[in-house]
Amino acid sequence: MIFIGADYADLGLSPEELQSRMGKWFAWGQKMEQAGILRGGEALHPQIRRIVGENRTVTDLTSAEVKEIVGGYYTVEAKDFDAVEEIAKDFPDYDLGGTVEIREIMVFDK
Amino acid sequence: MENKDIDHLFRHHSGKMVAVLTRIFGLKHLDVIEDAVQDTFIKASISWRKEIPDYPEAWLTKAAKNRVVDIFRALNTQRTHYASIKSGTDAIAINELFLDSEIEDAQLRMIFTACHPKLDPRDRISFALKTVSGFSIKEISAALLTKQETIKKRLFRARKAIKTLDIQFHIPRGRVLKSRLESVMEVLYLIFNEGFHSNSKDQLIREDLCSEAMRLCQLLLKNKATRMPEAYALFALMCFHSARLETKIGANNEILDLKQQDRNRWHFPLIELGNTMMYKAVDTEMFSCYHYEAAIAAEHLRAKSFEDTDWNKILQWYEVLNKLQPMPIHLLTMAVICMQIKNLDKAESYIEQITPEDLEQRIYLYYAAKSDLYAKQYNMKSAKEYLDIAIKKVNNSSEKEYLQKKYNQL
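Those sequence lines, one after another, are chains A and B.
If you read the first sequence in the working numbering, its first letter stands for residue 847, the second for the next number, and so on.
If you read the second sequence in the working numbering, its first letter stands for residue 1011, the second for the next number, and so on.
Next comes chain B alone, as it looks inside the complex (with noise of 0.2 Å):
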């Protein structure tokens, strides 16, 4: 079988299968219809033993077309109605919802739903894995990092708040349609960094979660209502980022930074993809904190060594990003990047201003951060102390040794 042109076909089928189904019977049949998808991927893997027909996505599709009927009549639809699903013209509205531009309108729907504010947060990530990504609940337990049980909830939870809050299967339009994109990137740009900051020892893992944000992300960038600027600004971040995937891990399947990675093995396509996408969202008045983000992953890939990296405009590019979205991380890596080019006092004022219970689980950053102020003025207790501080706070075992090889060296 030639394995690389169906990969992952099953998977992305399986997110296209259940939002035509869900077009056709609604998002209140979710279980029906995902039970009903489910199973013609189980008689596909059995059918397909002996022989792979020629078009595999076709053969998916008619099956589920096929399936049309059979849920009608889990349902209890009445007879009649089946019996005009069978000849008149349903049948052929039926039809055309399986083409491939009306499939991608359902997977957009979907998306839509799963990133619906109304949802918490968290649930819509678990959610839009499920659903849009054909994600089983132990692939998204590994992936995100979580018990299987927490991921069971989280989906009973969203599809609970999907059916009482009566959430519509559609693409919104006008004035609301800006807001509800926003909140549909932002569980793309969590996607991708569930991906790309993953600390699971599973690199398949990360690139699944990668490359998944980015096929979504290609979704909106294919629909005229949908490919705003901000999601051209969003695909060239994740395109920058992806470039430098590969060389993020060690050969003893350890977590390198920018300044050990090998810049030869950076994936150039990618660089130039993501270059081609940038011009196409620059084309706007009002820049995104996407924008802000793709510059600085963009200006770390033009340096050619660590060494060379101009630091000036990465702090630049910080600077208008906090304005426009104010968070304690900004200060911290701001301060980390004061404190390359020398510049010890900004470096010391950017840290000041962190209350560092903000940063949360991060917080170990702050302590690590301070310690390194305080070594680079010779305060050598201090530095000690300080990342003393952090390297308790710390979670990962990764980090934490990486922090202790550090400690051993003061």
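Chain A with its partners taken away, still in its complex shape (with noise of 0.2 Å):
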């Protein structure tokens, strides 16, 4: 699962609107824990360094210019997309406009 929204930053988030959000990732996460599916994650930084293009164009960027970024991903091992849909309802932050997108992890042939 990956999730891609505005930066907690960029938002305005009050002190007490920010523990609400922790608490409820934090049950997120134990639910996934308990069920023995949860493989993996991290959360990123917001600061962007894009390379683009032959000329190698480097720019700089943040998260406010963007609008939109990826802002950490879990992994989860699950029997296929629905069972990943059903886990992702319970991902805290749509309300503030955010995505989860699920991709599966290519495995290759030994």
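Mixed in with the good hints, there may be bad ones.
[As the list claims (entries may be wrong)] Calculated pairs, EDC-like style, for lysine to aspartate or glutamate (alpha carbon to alpha carbon, straight line, at most 20 Å): (1) Lys1148(B) - Glu863(A); (2) Lys1234(B) - Glu1114(B); (3) Lys1162(B) - Asp856(A); (4) Lys1053(B) - Asp1041(B); (5) Lys1038(B) - Asp1130(B); (6) Lys1148(B) - Asp936(A); (7) Lys1060(B) - Asp906(A); (8) Lys1060(B) - Glu914(A).
[As the list claims (entries may be wrong)] So, partial list: chain B residues that the calculated Cβ filter (under 10 Å) puts toward chain A: (9) Asp1017; (10) Phe1020; (11) His1022; (12) His1023; (13) Ala1054; (14) Ser1055; (15) Trp1058; (16) Lys1060; (17) Glu1061; (18) Gly1144; (19) Ser1146; (20) Met1238; (21) Leu1280; (22) Glu1282; (23) Leu1283.
Simulated from the structure, these hints should not be mistaken for lab results.
Glycine included, every Cβ here is placed at the ideal spot set by N, Cα and C.
Starting from the two chains in their separate frames, assemble the complex, guided by the hints.
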């Protein structure tokens, strides 16, 4: 599951809101942990360095300029897309305009 | 996660850290400080998704302490200074400012800054909620039922005034302390009342404001210099009112008055705490308006039912309160009490002393009371006339509904 949306710093969230968000993320993580499906995940810093094109043009961007950035991801083990969709229903930041993208990790033949 | 243990932790801690960092860097860098503190909370909210630290508060304090060097850098302080912060005596001094007792001291300084008499009274409330209490602009605007733009302007004005007037970040001493403390208590009283009398549909907002005012009042009581009888009285008053907070709202989210409230659901521990505080408050020769208001609130709580209320006693308290602090709303309340004890002549004499315009947005209460008086004198024509004016003057929709219902029954 890849999480896409605005950076918290750009949303003007209050300490109280941040704490309640944290609680929801924690509960969601615990739920996946207990179900034994969580395989890993990271949160990402909002600073972006983008390299584009043959000229390898480099731009440093802040989250405010991009609006939507990848904020982090979780790796979970599940049967299929539908199963992960069910898990993604508990993602806490939909109300902030957040998006969850489900992608399957490619497994290669050995 | 054990949510209970860290209820409002971020909000409360934000005020603490902003205060301590302001003590280090000064009020003129408040913007930078607030951004830095906000950043530590964003970081915490993300890094705690997986695991909440064993000592969340200590974690947050450490995170803020780590920001000291960043802020120095952001403020472009000379490198030499920055080096001495990292090791030398400054580092020890800064470490000590993060001790609990020093955090409380810094918070008091911030409260005195926010409630400085030279700031516009309305700006004080917004600034206190933002800087001392860690509310966001959105939260302040919801709590005070005021547009976000207006709150932004108030905060901007307050900051500007602090800078141009060069307001000092300290706890006043000596002769000025008393008057400065009065200004602080006034702000806390207003924050509490914003919550207690809020027209907001959201009960949480009411509780937030009331408990915040109480928390700040407790800070005054913790410090020897600010622990004055009137502060105890104010805290007692807040306890007495809070004890009824939950019963003020009916099943359909309508506001219930004293007569309709379920007295069995009043919160007894708060009443007891209020009584204890009152004991400490009366250890003085001079009573403040908070003393009398608390006495009135206590008298209401003492009555087993609305009918049992000792109105004569309450009337006496109002008489002294109005002498100390003459206000048209006190006269109006006394008139209503007199009608309650069927002393219509006295009620009329109080009403005659009021210039309705002085009541400002509460002017409708005057016309409603006058209508009541006429009704009790069996002059239904005038009673209807005045109630009609009251209905036209009231802004709040639930109050309007209440008066309309009354009109239909006349």
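### Message
Of the numbered hints stated earlier in the document, which are not met by this structure?
### Response
6, 7, 8, 20, 21, 22 and 23
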